[in-house]
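Protein chains in written order, with the working numbering: chain A, 1 to 415; chain B, 1 to 415.
Be careful, since some hints might not be right.
The list cannot tell twin chains apart, which means a pair is met if one copy fits it or any two copies do.
To be verified - Taking lysine to any residue and the SDA-like style, the derived pairs with C-alpha atoms no more than 25 Å apart in a straight line are:
no.	residue 1	residue 2
1	LYS30	ALA299
2	LYS48	GLY98
3	LYS48	ASP280
4	LYS30	GLU68
5	LYS30	HIS66
6	LYS48	HIS279
7	LYS48	VAL167
8	LYS31	GLY302
9	LYS48	GLN165
10	LYS48	PHE164
11	LYS48	GLY166
12	LYS30	SER252
13	LYS31	SER251
14	LYS48	VAL160
15	LYS30	ALA249
16	LYS30	ASP71
17	LYS48	TYR161
18	LYS30	GLY250
Please keep in mind that the hints were generated in silico from the structure rather than gathered at the bench.
Number of protein chains: 2
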Amino acid sequence: MGRFVGHGELGASWLLEVSKDTLKRDPGMKKVCIIGTGQTEVGEHWDKSILHLAHEAVTSALLDAHVESVDALFVGNMLSGALSGQENLAAAVADFSGLRNIEAIKTEAACASGAAALRMGYTAVASGLHDRVLVLGVEKMTNTLGHDTTAALGMAADAVYETFQGVSFTALNALMMQRYVWQYDVPDTGLAGFSINAHRNGCHNPHAMFRHAITEEDYSRSRVISSPLCVLDSSPICDGAAAVVLCAAGSSSLSDGSRYVAPVTILGSAAATDTLAVHDRSDPLRLAAVELSTQQALAQAGAGLDNVDFLELHDAFSILGAMSLEAVGYAEPGTGWRYAMDGYIDIEGDLPVSTQGGLKSRGHPVGATGVYQAVEAVKQLQGLAGPNQVPNAALGMIQNIGGSGASVYTHILGI
Amino acid sequence: MGRFVGHGELGASWLLEVSKDTLKRDPGMKKVCIIGTGQTEVGEHWDKSILHLAHEAVTSALLDAHVESVDALFVGNMLSGALSGQENLAAAVADFSGLRNIEAIKTEAACASGAAALRMGYTAVASGLHDRVLVLGVEKMTNTLGHDTTAALGMAADAVYETFQGVSFTALNALMMQRYVWQYDVPDTGLAGFSINAHRNGCHNPHAMFRHAITEEDYSRSRVISSPLCVLDSSPICDGAAAVVLCAAGSSSLSDGSRYVAPVTILGSAAATDTLAVHDRSDPLRLAAVELSTQQALAQAGAGLDNVDFLELHDAFSILGAMSLEAVGYAEPGTGWRYAMDGYIDIEGDLPVSTQGGLKSRGHPVGATGVYQAVEAVKQLQGLAGPNQVPNAALGMIQNIGGSGASVYTHILGI
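Turn these sequences into a full structure, and let the hints steer you where they fit.
Following this line, the structure appears as structure tokens:
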């Protein structure tokens, strides 16, 4: 299948106008590098609290960066209050991890909380406010205080017009999938490609929750959760934590001769929002905030879709994989699902997607996911992605979505 | 009483070492101004949801700044999940307030969530990432979903070692007060001065929840909640929202000739943390993060304690007023309570405190408080504080505490 790049062919009316102002990158801003990463295995960690998970990722990242301290800690998390009874989480993590007295702050943007923390950390370093910071994403969703995790996740949607009416977050995605399948005449297993690809890649990721391959037949026999969405369309409820250490290019943190891999640079960082409720959108199948943040991040990086070597997209449900491919600009509306069926998104394909298993197979500890994506992109760019290595990966795009498209963060990483 | 300034006289060992690195302000950082403010009345808003409150403050601030749009929205909030069933709050506010598609992020640092949002907004503008942003603090604590507000507030403390053992957040403050009163031999109504001062000032603040004066006799007859802490030591559970518009000095937002008041500048911004649990501190009566963030903010502003014309401190409980005066550096350990009894903290005193009623009288809608403090400081600096005007106010310090001293943000505002 030929590669479709850019919305230009769809006519300008389908495009959001990107304000020129928002594309400016102030010349005074510093270049920001990722010099260390850490991650826990994703899964059901019944023996670990949210603070134990956080500590594990923090320690790994500091070790990997060859540093012992940071100036500030940014923590992405959505549900520590609802499921662990703990707010003031960033101070709690700083205390528990031995980073006492440093600035520490929690960011929340539903399932995009991790990328929100990455963006705040990026801003703090780019501004010159801090020289070196730690960004953590962490979520503890299993073996919790007895609260209902599904209900807690519903808080990502519009409380008054969606959740209180009885729709779960999964059901909202099922409604979007129902509409998509109907509008574009998608066959029964039409969206299977995203999950099959994710599981194939997850097999080789030692941090992934599901390390087994699935087939189209498995998908077709998978139990329906909310018609037409089935178990194998859905990312799992799980625990996990991931962390990255950021510093300014030119910082003394980078001059340590013992470092053996090259730092990765954050070339683009952008955020956008959309209506919280799906029914408020002029087109329920259009992820406007994905479009907007993609365009801004690419413009900041001075790159085009053709330059992107791999894409970590937000495949919390397979329908989001298809809609993301369309909103990012790789596929025309209604055709995203086809790309997953034709090898296009394989490691060896034109645009490798979910290269370490994505949300579906690696797992989706919601507030941690955005930072897992960053960790995985760094591994790809450093050539350390093992069996899942994308050949000659030099530029990666990672995208984290909060709610059913309401909060979107796009980052471009390069080496 | 003479004015005690600085910890120097207490000996260096009582001081935290302030890293020189953290005091650096990168020369590339832009000067950040506050060009508009908005606030709702604080109280029990049974007829307004959290989004209605947010919208009211956002609209007022935009009107006051004479602007219609901003590049990004930073929302300080602690309990929207627990009490309104709504996370992804920043996207929700952007949507509900007609600021569709802009970057929007929620920050959480317990009761210091508002100041955390202010600091993130400050960083975004100082870095050059955005030209103009809106910072909102909002909390809806009354007439909620039926959840227990007291239990929700307990999430600011250490879940495992404090809250799960049965201690409420009020009881934690009562324990600190008990220790303080015992250690420093404070008389029964020794801490009354903070509440009396706050209520006296709140009388003239049209946005304050409690607009009546109280006497020492009222205080002495006040019902004990958790010995020795009584009702009149405590800030109320309430609803409210406050907002400020920030822009870079030199921005075109500032050149509008229709503006009739001078912008206020954020001269210093600092954040620090301490152990989450009180029992983990070497001295339970020492607010180490207050010390640290005060020193950093003053150093950044190039100012000393003598230059501060008024202080909005975090008087969620009167004991915190005394401990804050000591940690900031105006009073020696164990003497802070005396300063509130001698006119020192009056509007006409050496160091006016809680000039619009503070948390005790204006009210403490937790995640909104830090932004209320900023709004009130701006009014003081612009000479618009009415009967509570501090004569010739040119430099103000505002300080917001999350948990029992775990997350502290200090900002210095000047004109």
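Practice task
Check LYS30 against ALA299 for me: Cα-Cα at most 25 Å, and say if that holds within a copy, between copies, both or neither.
Solution key: Both: 17 Å inside a chain and 23 Å across chains, each within 25 Å.
Problem - Intra/inter-copy verdict for LYS48 and GLY98 if alpha-carbon distance must be at most 25 Å - result: within (18 Å within a copy, 42 Å between copies)
Practice task
Check LYS48 against GLN165 for me: Cα-Cα at most 25 Å, and say if that holds within a copy, between copies, both or neither.
Solution key: between (34 Å within a copy, 19 Å between copies)
Handout entry: Intra- versus inter-subunit Cα pairing at 25 Å for LYS30 with ALA249
Key = both (7 Å within a copy, 20 Å between copies)
Exercise for the section: At 25 Å max between alpha carbons, let me know whether LYS30 reaches GLU68 within a copy, between copies, both or neither. Expected result: For LYS30 and GLU68, the Cα distance is within 25 Å only inside one copy (22 Å; across copies 30 Å).
Practice task
Could you place LYS48 and ASP280 in one of the four classes (within, between, both, neither) given a Cα distance threshold of 25 Å?
Solution key: between (40 Å within a copy, 21 Å between copies)
Exercise for the section: Pop the pair LYS30 and HIS66 into one bin, within, between, both or neither, using alpha-carbon distances up to 25 Å. Expected result: Within one copy only: 21 Å inside a chain, 32 Å across chains, cut-off 25 Å.
Problem - Intra- versus inter-subunit Cα pairing at 25 Å for LYS30 with ASP71 - result: both (16 Å within a copy, 20 Å between copies)
Practice task
Measure nothing new, just compare the shortest in-copy and cross-copy C-alpha distances for LYS30 and SER252 to 25 Å and report within, between, both or neither.
Solution key: Both ways: LYS30 and SER252 sit 14 Å apart in one copy and 23 Å across, limit 25 Å.
Handout entry: Intra- versus inter-subunit Cα pairing at 25 Å for LYS48 with VAL167
Key = between (31 Å within a copy, 24 Å between copies)
Exercise for the section: Pop the pair LYS48 and PHE164 into one bin, within, between, both or neither, using alpha-carbon distances up to 25 Å. Expected result: between (32 Å within a copy, 17 Å between copies)
Handout entry: Up to 25 Å CA-CA - TYR161 versus LYS48, copy category
Key = between (36 Å within a copy, 16 Å between copies)
The structure shown violates none of the earlier numbered hints.
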